[in-house]
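> Each protein sequence line maps, in turn, to chains C and H. Letter by letter, the first sequence follows residues 22 to 400 of the working numbering. Letter by letter, the second sequence follows residues 22 to 400 of the working numbering.
Bear in mind the hints are in silico, worked out from the structure with no lab data behind them. Don't take each hint at face value.
Said to hold, decoys possible - With beta-carbon atoms standing in for the labels, derived distance ranges: (1) C:Asp107 - H:Asp117: 15 to 23 Å; (2) C:Pro349 - H:Asp47: 21 to 29 Å; (3) C:Gly57 - H:Gln389: 38 to 46 Å; (4) H:Asp299 - C:Asp107: 28 to 36 Å; (5) C:Gly383 - H:Gly272: 49 to 57 Å.
To be verified - For lysine-lysine, the following BS3-like pairs were computed, each having C-alpha atoms within a straight-line distance of at most 27 Å: (6) C:Lys93 - C:Lys128; (7) C:Lys155 - C:Lys288; (8) H:Lys384 - C:Lys243; (9) C:Lys281 - C:Lys244; (10) C:Lys128 - H:Lys128; (11) C:Lys88 - C:Lys284; (12) H:Lys98 - C:Lys199; (13) C:Lys93 - H:Lys243; (14) H:Lys109 - C:Lys246; (15) H:Lys88 - C:Lys308; (16) H:Lys355 - H:Lys323; (17) H:Lys288 - C:Lys128; (18) H:Lys98 - C:Lys323; (19) H:Lys75 - C:Lys103.
For every residue, glycine included, the Cβ atom is placed at its ideal position computed from N, Cα and C.
2 protein chains.
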Amino acid sequence: MNKFERARQVLDQINADGWLIICVEDSDVNSRFMLGVASHARNYVYVSRDGKHKILAVEMEAPMIQKSLEAKEIDAKVLVYKSADDLKTKLKEVIDQPRVALNFGEKVLDSEGSGYADYLRVGDYFSVKDLSPKTEFISSAPIIYELRSVKSASEQSDLINTCQSTLEILESVPEWVKLGMTERDIRAKIEYEYMKVGKPAFETIVATGPHSADPHHNTSMKKIKPGVLLIDTGLQIDEMCSDITWTFWVGKNPSEKFIKAYKALYKAKEVANEYYTDGTKNNIPAKKCRECLAELGYDHEKLYFHGLGHSLGFEAHDIGMRISHSVPDNFTLKENMVYTNEPGLYWQGEWGVRLEDDVIIGKNKCEQVTNVPFDPLTI
Amino acid sequence: MNKFERARQVLDQINADGWLIICVEDSDVNSRFMLGVASHARNYVYVSRDGKHKILAVEMEAPMIQKSLEAKEIDAKVLVYKSADDLKTKLKEVIDQPRVALNFGEKVLDSEGSGYADYLRVGDYFSVKDLSPKTEFISSAPIIYELRSVKSASEQSDLINTCQSTLEILESVPEWVKLGMTERDIRAKIEYEYMKVGKPAFETIVATGPHSADPHHNTSMKKIKPGVLLIDTGLQIDEMCSDITWTFWVGKNPSEKFIKAYKALYKAKEVANEYYTDGTKNNIPAKKCRECLAELGYDHEKLYFHGLGHSLGFEAHDIGMRISHSVPDNFTLKENMVYTNEPGLYWQGEWGVRLEDDVIIGKNKCEQVTNVPFDPLTI
């Protein structure tokens, strides 16, 4: 069943007449997710409960959208608008329905909220309310969750391919990284390889020495020195993203403290993986991981100050509650969701290690799509 | 005067107590514009009319933000929030004011509207309204317009440097582009060079043959063939973006039709440049450009179906009304605004040419920051 048909089913469940996506210069990835092609001008995707789907696009982009929908065997009418007034007239007609879902989240500051559906901008929200004052606009969160949280077989296959390409590039790192290159040089080279087959899923983090202790480090012009080198990177090919972190040692003879931390994280990651299973609470893998680190003698409350994983897919941070010990009990993992597993240990001012793999939630056992090197690689 | 002080002046004018920027994973570039550093977790920037500015950030990112603000000599308090509840408490206190400006646009479908200020997402909008129901939230459009439409001397200097770096990369294109490379290969190589010094300002368009007739072409896996090769590309270094289009001919002996179109566009671009001046209506350069093309025998209504230019700066499409023959009379250019000048001619199914330069609006004469080759380059 194609995405438009699946969305129609949810429209039935939530008793809505249509789902409207408003996208301006890539402001809402759900447009590309549904159309299969990036449209850069202002476009509207309307999935109709009655099956009469409509797209509003500029003349320059309509043929490209039409072609992409035909390739996906989606029956939707692509309407061209020629001016702002023309757009208003056509849009008004499309949304003149009692109940229409829009991509906004509710209670976005609460873990029970639907911040994941929050794409629509305020000015655009009021523009459709002005055009169709009688329409009741509701959150599309249940549609987005249904379409994007659990991955289809073809999405999983795309994920596996994307991860494979990413691993090949990461495996080549020790061959070409040299002392004296900057963090940016390394990021440029990795993303250059990505650009040949897809594009970066996010800005690659390259962190040398003390920078590796900062999980959100902005890749800098600092030169690579002997010691820890952490690379957190992801590739997007077509529909799916990878997100992988490898931590290397530059120079001979990694320190004992580094090897010990690396091995501990590898172990903790393996322990956590046992709980990346259908029906398990989102907080369990993270708790198990932390228990393991504690047993191995690490003060994880101080040294490991982020969650264990996040949903992965069409975006690097995809739809679905993260995996963390602080997630409430009412969130559970489902078969065929995709998550990262990325424990870390950080000594501020010194260095940090993070090992990150991508995992498909299984019925009783997960599928580990990537696997960081068992022993730390030296460069 | 720093950006925070300039924003305070506008707060005085619009009688608002503060300006709140809400940014989640780079959802609002104004956060980076104000802080000087990209913060990837949920952060809040509050510019206060009384000078007591506050930033709300996660623990992991607070030191980086603090350091950046200190380097810019901005006196602002960086508050760390540790949980959603903690965030709500602190945010409530910050915005408990009679009148606060938020980054949303009004009448975004109208040319007179402020769609350029539309960054805030709907769920976040309602979250602050819930937290502070008595506060009147107004659009920050006048602040964003004041801070970003006219460029400071240091921004202009950054722009000139960024353009220079971009030109050096474009000049090297004939040295390394070969038949049989794909459009993506070329984009990857150009963006690789960008990544060493900055990052792509947008996804580079590489269009061979008939693809060059589509101004919004998505760079594909198609191999470069003899004939037209159009590259529309931009680099961002720190604060400013370039946006340049060069059209090449692959092979010897460019066709006469191609050379004639190239020369006509070069001429039309020069004619338009005469009107990139302070106080000139935004539609005038575009009208003059089209008059020139008509005189040279081109059916511009059919062959040239986009505007002449857009504002350029911190984003590739920056704050300020575009330059087009269809813009109403009440928009005028101002000294030290930055615009592109990019006429094109497109024969659907065959090929197209676009020449794009970046220009600083001057008092009586513009400063042309870039200049496409006078004669088309062959590869």
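> Are the hints correct? Go through all of them and say.
Here's how the hints hold up against the structure:
Under the hint 15 to 23 Å, the C-beta atoms of Asp107 (chain C) and Asp117 (chain H), about 44 Å apart, miss the expected range. For Pro349 (chain C) and Asp47 (chain H), the Cβ-Cβ distance of about 27 Å falls inside the hinted range of 21 to 29 Å, so the restraint holds. Between Gly57 (chain C) and Gln389 (chain H) the C-beta distance comes to about 40 Å, which sits within the given range of 38 to 46 Å. Checked against the hint of 28 to 36 Å, the C-beta distance between Asp299 (chain H) and Asp107 (chain C) comes to roughly 33 Å, which is consistent with it.
In this structure, Gly383 (chain C) and Gly272 (chain H) meet the distance hint of 49 to 57 Å, their C-beta atoms being roughly 54 Å apart. Proposed proximity of Lys93 (chain C) and Lys128 (chain C) is contradicted: the alpha carbons are some 35 Å apart, above 27 Å. Proximity of Lys155 (chain C) to Lys288 (chain C) is assessed by CA-CA distance (about 58 Å); at most 27 Å being required, the pair is judged violated. Distance hint between Lys384 (chain H) and Lys243 (chain C) is unfulfilled; the C-alpha atoms sit about 41 Å from each other, more than 27 Å.
At roughly 26 Å between alpha-carbon atoms, Lys281 (chain C) and Lys244 (chain C) fall within 27 Å of each other, so this suggested pair holds. Of the supplied pair hints, the one linking Lys128 (chain C) and Lys128 (chain H) holds, its CA atoms being roughly 26 Å apart against a limit of 27 Å. Among the hinted pairs, Lys88 (chain C) with Lys284 (chain C) is inconsistent with the structure: their alpha-carbon atoms are about 50 Å apart, more than 27 Å. About 40 Å separates the Cα atoms of Lys98 (chain H) and Lys199 (chain C), which puts this hinted pair outside 27 Å; it is violated.
Of the supplied pair hints, the one linking Lys93 (chain C) and Lys243 (chain H) holds, its CA atoms being roughly 20 Å apart against a limit of 27 Å. With a C-alpha separation of about 42 Å, the suggested pair Lys109 (chain H) and Lys246 (chain C) falls outside the 27 Å cut-off, and the hint is violated. A threshold of 27 Å between alpha carbons decides the hint, and for Lys88 (chain H) with Lys308 (chain C) the separation of about 34 Å lies outside it, so the pair is violated. Of the supplied pair hints, the one linking Lys355 (chain H) and Lys323 (chain H) is violated, its CA atoms being roughly 31 Å apart against a limit of 27 Å.
A distance of roughly 56 Å separates the Cα atoms of Lys288 (chain H) and Lys128 (chain C); the hinted pair therefore is violated under the 27 Å criterion. For the hint linking Lys98 (chain H) to Lys323 (chain C), the alpha-carbon distance of about 25 Å falls within 27 Å, and the restraint holds. For the hint linking Lys75 (chain H) to Lys103 (chain C), the alpha-carbon distance of about 44 Å lies beyond 27 Å, and the restraint is violated.
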